[in-house]
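*Asks:* My request is simple: use the sequences and hints to build the entire structure.
Chains as they are written, first to last, in my numbering: chain A, 1 to 610; chain B, 611 to 1177.
Because the hints were derived from the structure by calculation, they are not lab data. Bear in mind the structure is a predicted one, so any value in this text is a computation, not a measurement. Among the hints, erroneous ones may be present.
If you want the footprint, here are the derived chain B segments under chain A, 3+ residues with CB under 8 Å [unchecked claim]:
1) 650–657
2) 777–787
3) 1049–1057
Below, a list of computed lysine to any residue pairs in the SDA-like style, where the Cα atoms sit at most 25 Å apart [unchecked claim]:
4) 204/A to 108/A
5) 609/A to 512/A
6) 202/A to 734/B
7) 380/A to 403/A
8) 696/B to 587/A
9) 1132/B to 1060/B
10) 202/A to 1088/B
11) 575/A to 1060/B
12) 781/B to 467/A
13) 734/B to 281/A
14) 281/A to 166/A
15) 493/A to 1060/B
16) 108/A to 120/A
Glycine is no exception: its CB is placed at the ideal position from the N, C-alpha and C atoms.
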Amino acid sequence: MTFAELTKLKNERLKEIDVRFNKNSLKKEIMVCSSTGCKSNHGAEIIEEFKKQIKEHNLTNVSVEKTGCFGLCALGPIVIIYPEGTFYCRVTKSAVKEIVEQNLIKGKVATNYLYDKALINQTHKNEIDFYKHQQFVARKNSEFINPENILDYIALDGYFALYKALTKMQPNEVIEEIKKSGLRGRGGAGFPTGTKWELTAKEKANKKYVVCNADEGDPGAFMDRSIIESEPHKIVEAMLIAGYAVGASGGFVYLRAEYPLAGERLEKAIEQARKLGLLGKNIFGTKFSFNLSIKYGAGAFVCGEETALMHSLEGKRGEPRTRPPYPAQQGVFGCPTVLNNVETFANVPTIILNGGEWYSKIGKGTSTGTKVFALSGKVKHTGLVELPMGTTLRDIIFNIGGGVLNNKKFKAVQIGGPSGACLPESKLDLPVTYDDLKNNGAMMGSGGLIVLDEDSSMVEVAKFFLEFICDESCGKCTPCRIGNRRLLEILNKLLAGNGTMEDIDELESLSYFIKENSLCGLGQSSPNPVLSTLKYFKDEYVALVDKQHKNADKYVINKEKCIGCSACSRVCPVKCISGEIKKPFEINQEKCIGCGGCQKTCKFGAIEKV
Amino acid sequence: MTKVNLIIDGVNVEADSSDTILTAAKKAGIIIPTLCYLKDINNDGACRVCVVECKGKTNLITACNNPVMEGMEIETCNPKVLEARKTNIELLLSNHNKNCLTCGKNLNCKLQQYSYEFGCDENKIVGVKNNYDLDLSSPCIVRDNNKCILCGRCVQVCKQIQATSAIQKQKRGFQTMINCSFDKPIKDSTCVGCGQCVLVCPTGALLETSNIKKVMELMAEPNNVVIAQVAPSVRVAINEEFGYPVGTFNEGKLVTALKRVGFNKVFDVNVGADFTVIEESEELIERINENKNLPLFSSCCPAWVKYCKLHYPDYVKNLSSCKSPNEMLGAVIKNYYAKQNNISVNNIKVVAIMPCTAKKEEILENNDVDAVLTTRELATFIKYKNLSFTHLPESEFDNPLGEYSGAGLIFGSTGGVTEAVLRTAVDKLSKTDSSDVDFEVVRQSEGIKETTINVGNLKLNLCVVSGLKNAQIIMEQIKNGEKHFHFVEFMACPGGCVNGGGQPFVDYTKINYFDVAKQRAKALYENDKKSTNRKSHKNQFVNKIYKEFLIPNNLTKTLLHHNHNKK
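*Replies:* In structure tokens:
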């Protein structure tokens, strides 16, 4: 492959798919989302139905194509008709006929299947509220590309970044560019990507590896899957660039086996790239050679942790290990390894093409660029959103997400996945950046955003995430294995109405213990759901204890009868009776659980039930 | 080696850059408590007991696997660290079967020790416990997962040292457990019964299958003549159970104790070893002459024999057909001694005192020995019988099966079998009485020791192997044709029987810094040197039995050899 050949491929393909970009094109193209969400919603049948209808109506110059994910999976299947770019949602098999007749034959808009029937002027994707505020970098081209065709990717400048890096830049210049962009790891911790590459490049070794972490495991998160399913070549290209920058000759994509479509497309992409000579020996005639393969993971959440991932990749049990040594020093099979997640890689080709400086201007402070979030929960518009860093939570939830579902009151947003945190209404104006989140006890995580309304019990929410952690803990270190289990038991006790204030204290201290003593990042962040709800919603915990008090019997001490012997205070299981010897004692009603032990003990009949 | 300066508990420490915080602290006289750490084998940082505070870090870090760095400031016992360690232990206790009073590991349990030392409240943290059935399937080892703290040492020892991987971690989260593949019981796994896992287990999750009760039943039968036979390495280890330092050699008190606990006669497996040497050297010479089934593999170690059968079935023919010294002596007792003393074979019961758990399985094959007590079990038995071991007078082994050669004694150490066979083979091949008996070249093996010895114009290629991982290495080399030996001695336990799976527990803060096996072996070699007779074929009692009993009755092959292929 040479530059001329690549350019030729690009121009030829651009002519063929002109309809997608040229509003005046005489052709028509129906693009049907073929990613997991829409596909499982009979997407494939819809393609067949379109073909059938076109044939029945003898329509010429109309083609049907697959396309990548739009992120609006809740409203799928999604169909776009070019050249107008009309955006249809909830397309069923029976809807196809109507769309063909209205749109293709009569040249109108099939309003029934618009994003919002009431807003008939919002026919184009970019006009829709949900997309209007978004900015696409990592998920830039999905609406224009058939993910299974390398030529579509090349037509949109695919592999040009690789060409630029290999032929126009030295490896250290590539790293410099990434550093300049300020790109930070999108997998959770937010480590500067350029620095990571630099550390790996510095290591002297015969063999180095590039690994893509595609073990997306947070409940409700699917940005990485969406990226691979939409633009698998972007990951291939980015990994090649990383390989060149750090001096690696081999790479692995660690992909969870629960993503069969992503795997299929990635395998196809690797095969296509290999056939065109974009993967393999002496790429673009340079000395750089690179091999890439996919390693399927069995879907253990902990394998998203980099050291556990590497163990699993080597065929061992997926358990984390202590760092140092860091993967940059000793990674896969003991070789220096760059390990980035899918979304991080998805930004790389664009950074190389547009320059690090361009990228660094997006975002806020040290959190540059965009971030993809999976917006879900009690919000009107759920789906994937890509936004510049620093966008406030309020903007995300209310402007893009359309606010809380059924006009209920907003209560909290859970951010950062199972080990993330719940932020209350007072934090809605928090700009979403790595540091702002961290300073508020939350974390970026992989980008899950779950909106909770007034009906949600925060203790239940904490319990939900803790159950997930308990299931997914690898079981290696004591604090995470047993500690989280005990936290869960305390939560269950509280929820069952058997808790005490001491339980709440124990919950907090044990949480801090787990945070400070666990081996890996997963364990260290595992009590976050408990700690953040305790921080912002402690009243709900206390209410669980109070509730049981309210239902319980109430006891008071008759001051005239009490002689101050202290017998009652000694038997009280919650230590809520106090006083001075020989003076009347008093019961702290807030702490009392109404067990009646004091009444039975008192020899003077001084304790009365009221 | 570059030097690194750091401060540990206010003390300036100069450490090597390869040091961990744990080893650097040791240099400053600070022993940081550890639970899962096992030097060179397990430094996963799983238990979190060795956590320390490092200035500048929010979280505590583990001392066992974090390397030292210039300028580090470490605190190993400030209130935060102490509280963390305590909570860690309390969490472990919350999922532990705390029947410490009757546990086989009572007073030898690290979890118990730390619970006390850290001031833990065993009931502070309560919650659901995992509930597992005991695995009583193996004749060698009992596993009680209700006491397992998932330190992972057994798994690592089984894998790294013994190349056996019979057990591994399974499941996730709170359900994580150590188990054999496919949920099989130990007896159906690849376990060879060596008991190295038992030695490193910090709690009572792994113990030998006890035969004490069985022995007491044998003794209770009035018509029985119950005979004890003692393996070479027991006499350098049992003393540790009664407060003597590691490496103390003491036969006299041991014999007295055995008689006092109820054995009618006390014989010495060293004599069995003398028989083995004579038979095995004969076999070696025969195979060399016929150039058949070489190399000859020793067969004294049942764990190795099982390993060979499991993983290298094509090489079973290379195993010596000799029974182990233990079984040879048992056979001689039950046939020769019984006849001499007019005891019915049905009434003569042989109990072997062994450093070994695998012997418990070995005796099931032939009917030569009735029960096996490990060194540890014997110590328990002695205590049970109210004997004060330290105050016991000394007495001697019974004859005719108590007089042994130095060659028989050193069977207890790696290299010992080879040296003993050499002493006899050299004499036989050269038809002399060589004064050269100290074959230092086969001693002090670090796991694999290869050597060539000239006997006349024959160059004998020998190899001494201990630890099954090393056995695997050598077997692969033999298989690939890289190595050609005449004789290979295999011992499953690293260092040989002195470090057997049935030997007394040693506080592993000691194991981590000090080679127990070498200390015990040293005592064996010192006493070999003092022996008047150091060659097996010069043992008059043994020769007498050959001359008067085995040869005339043509019983040598029947009693002293067996077929490894028989099921």
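*Asks:* Take the hints in turn and mark each one as holding or not.
*Replies:* Status of the hints after comparison with the structure:
Judged by the Cβ-Cβ criterion of 8 Å, the region 650–657 of chain B is covered by chain A as claimed, because 4 of its residues qualify and three suffice. With 8 residues having a beta carbon nearer than 8 Å to a beta carbon of chain A, the region 777–787 of chain B meets the requirement of three or more and the stated coverage holds. Here's how the region 1049–1057 of chain B fares: 0 of its residues keep a CB closer than 8 Å to some CB of chain A, so the rule of at least three is not met and the hint is violated. Taking the CA atoms of residue 204/A and residue 108/A, the gap is near 63 Å; set against the 25 Å cutoff, the hint is violated.
Distance restraint check for residue 609/A and residue 512/A: the Cα-Cα separation of roughly 39 Å exceeds the 25 Å cut-off, and the hinted pair is therefore not satisfied. As the CA atoms of residue 202/A and residue 734/B are separated by approximately 50 Å, the hinted pair breaks the 25 Å bound. Simply put, residue 380/A and residue 403/A have alpha-carbon atoms about 6 Å apart, close enough for the 25 Å limit, and the pair holds. Only pairs whose Cα atoms come within 25 Å are accepted, and residue 696/B paired with residue 587/A is rejected, the gap being roughly 34 Å.
At most 25 Å may separate the alpha-carbon atoms for a hinted pair to count; residue 1132/B and residue 1060/B meet this at roughly 20 Å. The suggested pairing of residue 202/A with residue 1088/B is violated, with an alpha-carbon distance near 42 Å, which exceeds 25 Å. Among the hinted pairs, residue 575/A with residue 1060/B is inconsistent with the structure: their alpha-carbon atoms are about 73 Å apart, more than 25 Å. Note on residue 781/B and residue 467/A: the hinted pairing holds, with a Cα-Cα distance of about 16 Å set against a maximum of 25 Å.
Under the criterion of a C-alpha separation no larger than 25 Å, the hint pairing residue 734/B with residue 281/A is inconsistent with the structure, at around 62 Å. Distance hint between residue 281/A and residue 166/A is fulfilled; the C-alpha atoms sit about 13 Å from each other, no more than 25 Å. The straight-line distance between the Cα atoms of residue 493/A and residue 1060/B is roughly 64 Å, outside the 25 Å bound, and the hint therefore fails. Annotation: proposed proximity of residue 108/A to residue 120/A holds, straight-line Cα distance about 11 Å (limit 25 Å).
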